[in-house]
Amino acid sequence: MIRVVLPAHLRTLARVNGEVTLEVEGPVTQRAILDALEARYPMLRGTVRDHVTLKRRAFVRFFACEQDLSHESPDALLPDAVANGIEPFLIVGAMAGG
Amino acid sequence: MSRVRLLAGTKKGAFILTSDGTRKKWEVNGPLFGGWEMYHLKGSPADPNRLYASQTSGWFGQIIQRSDDGGKTWHQPGTPPGEPTTAPDGTPKGESNKFLYDTSEVSGRPLTTHQWYDGTQRPWEFKRVWHLEPSLNDPDMVYAGVEDAALFRSTDGGQSWQELAGLRSAKGHLWQPGAGGMCLHSIILDRKNPQRIFIAISAAGVFRTDDGGKTWRPVNRGLKSQYELPDPDAEVGHCVHHIAMNRTRPNVLFMQKHWDVMRSDDAGESWHEVSGNLPTDFGFPIDVHAHEPETVYVIPIKSDSEHYVPEGKLRVYRSRTGGNEWEALTNGLPQHDCYVNILRDAMAVDSLDPCGIYFGTTGGQVYGSADAGDHWEPIVRDLPAVLSVEVQVLP
Numbered sequence: 251m252i253r254v255v256l257p258a259h260l261r262t263l264a265r266v267n268g269e270v271t272l273e274v275e276g277p278v279t280q281r282a283i284l285d286a287l288e289a290r291y292p293m294l295r296g297t298v299r300d301h302v303t304l305k306r307r308a309f310v311r312f313f314a315c316e317q318d319l320s321h322e323s324p325d326a327l328l329p330d331a332v333a334n335g336i337e338p339f340l341i342v343g344a345m346a347g348g
Numbered sequence: 083m084s085r086v087r088l089l090a091g092t093k094k095g096a097f098i099l100t101s102d103g104t105r106k107k108w109e110v111n112g113p114l115f116g117g118w119e120m121y122h123l124k125g126s127p128a129d130p131n132r133l134y135a136s137q138t139s140g141w142f143g144q145i146i147q148r149s150d151d152g153g154k155t156w157h158q159p160g161t162p163p164g165e166p167t168t169a170p171d172g173t174p175k176g177e178s179n180k181f182l183y184d185t186s187e188v189s190g191r192p193l194t195t196h197q198w199y200d201g202t203q204r205p206w207e208f209k210r211v212w213h214l215e216p217s218l219n220d221p222d223m224v225y226a227g228v229e230d231a232a233l234f235r236s237t238d239g240g241q242s243w244q245e246l247a248g249l250r251s252a253k254g255h256l257w258q259p260g261a262g263g264m265c266l267h268s269i270i271l272d273r274k275n276p277q278r279i280f281i282a283i284s285a286a287g288v289f290r291t292d293d294g295g296k297t298w299r300p301v302n303r304g305l306k307s308q309y310e311l312p313d314p315d316a317e318v319g320h321c322v323h324h325i326a327m328n329r330t331r332p333n334v335l336f337m338q339k340h341w342d343v344m345r346s347d348d349a350g351e352s353w354h355e356v357s358g359n360l361p362t363d364f365g366f367p368i369d370v371h372a373h374e375p376e377t378v379y380v381i382p383i384k385s386d387s388e389h390y391v392p393e394g395k396l397r398v399y400r401s402r403t404g405g406n407e408w409e410a411l412t413n414g415l416p417q418h419d420c421y422v423n424i425l426r427d428a429m430a431v432d433s434l435d436p437c438g439i440y441f442g443t444t445g446g447q448v449y450g451s452a453d454a455g456d457h458w459e460p461i462v463r464d465l466p467a468v469l470s471v472e473v474q475v476l477p
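Just so you know, the sequences run in chain order A and B. So the numbering used here is basically just the index in the first sequence, starting at one, shifted up by 250. So the numbering used here is basically just the index in the second sequence, starting at one, shifted up by 82.
Please keep in mind that the hints were generated in silico from the structure rather than gathered at the bench. Watch out, some of these pointers could steer you wrong.
[To be verified] Under 8 Å between C-beta atoms, here's a sample of chain A residues computed to sit facing chain B:
#1 Leu-263
#2 Asn-267
#3 Gly-268
#4 Ala-286
#5 Thr-297
#6 Arg-307
#7 Phe-309
All values derive from a computational prediction rather than experimental measurement. Heads up, the beta-carbon is just placed ideally off N, CA and C, and yes, glycines get one too.
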């Protein structure tokens, strides 16, 4: 079970409170988590990553285990603590705009 | 008695303001979608309870919202709460915010770039929806004017969107962004000719289709933009801020250009200036009285570099002669120390008699007049900066 923390605006869109938990089959990567997230909450498609290129939106960041993983490959394995559900995968609206 | 519903989009959410037909006491509901930029909300003329809204964010992109009950509840089209999140064929829903430029061989080519500030060509890149224009007779059909400038249409209530790519063939390689971005901000549907649509783009100009959106051509003859375009006969590249029409007279159009207030009596084939005695002819919104086709409203702004009303006075200017002769309307509006702007989609007229006029400011005020502009009252004073105002008259 993967734990995902969404920013407030995306929780509102997805109509959820608190953390989201997802089942991810196979290697736990950013791409696998986002695929599972968008499959369960299709209203979030296009809000975290581009519909077509699947690239992360510029002002969205991915944190986990006190690390900024935003620039990691979407296919890189995430830390075991995320894969084991000990630590959440955080989707964060970047500080921007001063 | 009729009721009136104002739909106000602001920098930090949407607000719905309602009144009875006297338009004296208003109820303010909101914020809806708090914290999001609400570029535009508009109701379907065919079903006033069907509302569409453009919800945008620099962080999370574009969202389309729809209400089927006059704004009480909202959902992303195709993803209503409690319904399956995949279509019967297994395809995920959530396509309502997917605006893909048409690059097909048949309809989307050869144009795939527009002019950038430095004169180079740059591919179209979707940023946001500026304006939503529901069909006059089909609640499920709605047009979206977007940045980078293009026109999209949905025929399934906003669930999916298709570009009318013929527009980009109208010299799209010469279009360039204005300071606010290369946005398609005005869409006017012709009530007498369902095949005819007018759109306006900053900074490209006005374009018209006479075949329901398949082919388009620029209709900018007569526009002079000497500070932006040295060529006095340039067909495109004009920074049109807004266009307006009285629905009973679709061949007569009024325009607030970057500088100049303009008029066309032949459906855009030619334009002539009607700025007349305005204190400045720079501005953003323009609208036409619902029952008097020669009565036009503008709100002049000091200049292109000073985006606030001149002399600290908030004055709506009204012409009852189709332009050239303008009178300042000030009763009830602040006449000192006022330095707000009024954006292009932030003025609307209702269809009651006497005609009601409404506008919202970057200072967060929404003003209304129930007597065609003679007297004004603030409906609400302290909203976030107002991006758009639309009005509906309900039975």
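Checklist entry - How about Leu-263 (chain A): closest beta carbon in chain B under 8 Å, or not? => result Cβ of Leu-263 (chain A) sits 7 Å from chain B, so the hint holds.
Item to check | Status of the Gly-268 (chain A) interface restraint (C-beta, 8 Å, chain B) | outcome: violated, 18 Å
Checklist entry - Once the shortest beta carbon distance from Ala-286 (chain A) to chain B is found, is it less than 8 Å? => result Where the cut-off is 8 Å and the nearest Cβ of chain B is about 12 Å from Ala-286 (chain A), the hint is violated.
Item to check | Interface hint for Phe-309 (chain A), Cβ within 8 Å of any Cβ on chain B | outcome: Holds - the Cβ of Phe-309 (chain A) comes within 8 Å of chain B, reaching about 4 Å at its closest.
Item to check | Agreement of hint Thr-297 (chain A) with chain B interface, Cβ distance less than 8 Å | outcome: This hint holds: Thr-297 (chain A) lies near chain B, its Cβ roughly 4 Å from the closest one there, short of 8 Å.
Next on the checklist: Does the closest beta carbon of chain B sit nearer than 8 Å to the beta carbon of Asn-267 (chain A)?
Outcome noted: Hint on Asn-267 (chain A): violated, closest Cβ of chain B at ~14 Å, above 8 Å.
Next on the checklist: Tell me if the interface restraint on Arg-307 (chain A) is satisfied: Cβ within less than 8 Å of some Cβ in chain B.
Outcome noted: holds, 6 Å
Hints 2, 3, 4 from the earlier list are contradicted by this structure; the remaining hints agree with it.
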